[in-house]
Structures are given as C-alpha cells and as structure tokens.
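J.: For the sequence shown, counting from 1, position 58 maps to 58 in the numbering used here; every step adds exactly one.
Wrong hints could be hidden among the right ones.
Said to hold, decoys possible - Here are the computed lysine to any residue pairs in the SDA-like style, where the Cα-Cα straight-line distance is at most 25 Å:
| hint | residue 1 | residue 2 |
| --- | --- | --- |
| 1 | K72 | I85 |
| 2 | K96 | L64 |
| 3 | K78 | K39 |
Hints were generated in silico from the structure; no laboratory data involved.
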Amino acid sequence: MKSVDERGGAAKTLLDRDEVEGVLSGAFYTPAEVRPRAKPLPAERPQHYKVICISLYTEDLERLDEMVNALKARGITKANRSALIRHALSQVDLDKVPRGL
C-alpha cells in the first residue's frame, strides 16, 4: 500500500494495482469459460404423492374447514383438508354411491 499526499491535504491510502487485480480477478472478473458454473441440482420430486388442483363448491369447502376445525378442537392437531379428504376416500363404498352423482 502507498500513501499519497494530494495538495497538502490529508494522506490517502491507495492499494497496489497488482493486489487489487489479484483479488478481483480471482473473485469477480474471472472469464466464464475458466470459472466453472455451478449447476443447480434438480430437485427430487416425491414419488409417493402429487400436488393436484380440484374444484369444490364454497359451501363444501366451508363444511370441510368446519370438520377440520372440529378435529383440531378434539386434539387432532395434524388434521387438515388433505388428510380429511384422504380419510373420506378410504371410507367410500362404491356400491353405495348414487347413480346421478
């Protein structure tokens, strides 16, 4: 480092050019062909479930939320819409489903 006094004012500290270029070239200005690019690893998607979108009437959704809240009030803290729908699916008897569904 060098100190330079400009016009009799306070001394300024200047960095040596080789020091600056050494730091910057190693960290910021290395050409892309020299600097290997980190490729993001593809996120592994879970194979045991899929996220889907379904439509429900607002009154059905309100009923579903009321049921979830009732389960939570009973101490089933992990109750949620998905869990309740999965449980309901496991209870369906296809022979009892009305024809005009």
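J.: Hint by hint, say whether it matches the structure.
T.: Here is how each hint holds up against the structure:
{"no.": "1", "hint": "K72 - I85", "verdict": "holds, 15 Å"}
{"no.": "2", "hint": "K96 - L64", "verdict": "holds, 21 Å"}
{"no.": "3", "hint": "K78 - K39", "verdict": "violated, 37 Å"}
Hint compliance for this structure: hint 3 is the single one not met.
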